[in-house]
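Colleague: Listed here are the chains, written in short residue letters.
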Amino acid sequence: RKEVEQDPGPFNVPEGATVAFNCTYSNSASQSFFWYRQDCRKEPKLLMSVYSSGNEDGRFTAQLNRASQYISLLIRDSKLSDSATYLCAVFYNTDKLIFGTGTRLQVFP
Amino acid sequence: IAGITQAPTSQILAAGRRMTLRCTQDMRHNAMYWYRQDLGLGLRLIHYSNTAGTTGKGEVPDGYSVSRANTDDFPLTLASAVPSQTSVYFCASSREGNSPLHFGNGTRLTVT
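Here the protein sequences come in this chain order: W and D. Quick note: the first sequence, position 102, residue 102 per my numbering, numbers continuous. Quick note: the second sequence, position 72, residue 72 per my numbering, numbers continuous.
These are calculated hints, taken from the structure and not from any lab test. Since this is a predicted model, take the numbers as computed values, not measurements. Using N, Cα and C, we set each Cβ at its ideal position, and we do this for glycine too. It is possible that part of the hints are untrue.
[Said to hold, decoys possible] Think about it this way: if two alpha-carbon atoms lie no more than 30 Å apart in a straight line, the pair counts; the simulated DSSO-like pairs of lysine-lysine are: (1) K57/D <-> K79/W; (2) K96/W <-> K2/W; (3) K45/W <-> K57/D.
[What the hints assert, rightly or not] Among the chain W residues that face chain D by a calculated CB cut under 7 Å, a handful are: (4) R37; (5) E43; (6) L46; (7) Y92.
So that you can see chain D by itself, here it is in the shape it has in the complex (with noise of 0.2 Å):
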């Protein structure tokens, strides 16, 4: 079935480590996202690309860094782990820009 995979479902992390999470659409989708999901703060935009090979900056990218090496994968990576990095990650993709976002199921991560 097409669509966004995310991994892991779930982590739970201690402080000071690094960590990756996952991002593979098998829709031939041009641009990806990632989002992460707090509670009253609603899904903030970390970073974003519009097609393999350029990524940008959302609006919350510190402490997170991404990589676009090819059309399918867009990993999320946490260089070292801060508390205030726990909360839900979506990752999700669209054909192009201005296109609606098609969502993965979330990784939910959890600082300790």
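Isolated chain W (complex conformation) (with noise of 0.2 Å):
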């Protein structure tokens, strides 16, 4: 099994949908947890943060769930400038950040 999963997708969705991504991990023991976008041929930015308590920064919120080890990403109101690839990332002992392949999202009008 993979340290970190992510569905590849690719999300086809139109402008102003709501669309959801998961993510998991295997290391129970992780304690910090991202999301970064990606445009093509870019290198990763980071999107936001994941924190226990769910954060939120504009259309975008991130949830943690610590059980099931998994987190999310919900975009509402989907924009075509929305359209890249989303990538987890969860860190293992402190140092080293582990990153799912991705899932691609397209954004239509």
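Need the complex rebuilt from these two chains, each delivered in its own frame; the hints are there to steer you.
Modeller: Pasting the structure below:
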């Protein structure tokens, strides 16, 4: 089993839709979790950190479920500019950030 | 502008040649990382360094070496390149362990 797993998609959604991605991790001792966004042929960029209490940044909401060992990302009111690959990342032992393979999102008009 | 600088941007390399990918950051971050990204496999950690003078192995360290002589620089060396090392290589840094990573622009390496 991979340490961090994501559905690769692609998710094709119309503008204005709500879309959710899940990411599962195998190490129950992990302490830090993140969502990154990556555009084609570009470097990953931090979208948001994921906290136990859940956190929201505009149209984006991240949740952590420690009992089931998954993190989620919810995007509301999707924009064309949200089209990208979304990567979840989990820290192991505070020194290794392990990424999922990414979920591709395509928002169409 | 503060950030991470990688060089070269791209390189075509003959198999068997030695190559060093350079990475420099000016954010005074303690931790630095090297990843490779391949289609369908995502980002995989090669080596990391929690602080100057220390390094550690990631998920796919074989065929690569690193050094961390100072806080700012974290070069990645391929001693004898092979075609399976064709990839996009990203360097990243973070303030400390468990902190978010900031990435460089990447180096696209082709080994022929």
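Colleague: Now, for every hint given, state plainly whether the structure supports it.
Modeller: Each hint, compared with the structure:
1. K57/D <-> K79/W: Not OK: K57/D and K79/W at ~39 Å, beyond 30 Å, violated.
2. K96/W <-> K2/W: With a Cα-Cα distance of about 14 Å, the restraint between K96/W and K2/W holds, given a limit of 30 Å.
3. K45/W <-> K57/D: Distance ~23 Å between K45/W and K57/D Cα, so the pair holds.
4. R37: violated, 11 Å
5. E43: Holds - the Cβ of E43/W comes within 7 Å of chain D, reaching about 4 Å at its closest.
6. L46: Holds. Min distance 5 Å.
7. Y92: Interface hint status for Y92/W: violated (9 Å vs cutoff 7 Å).
Going through the hint list in order, the structure does not satisfy hints 1, 4 and 7.
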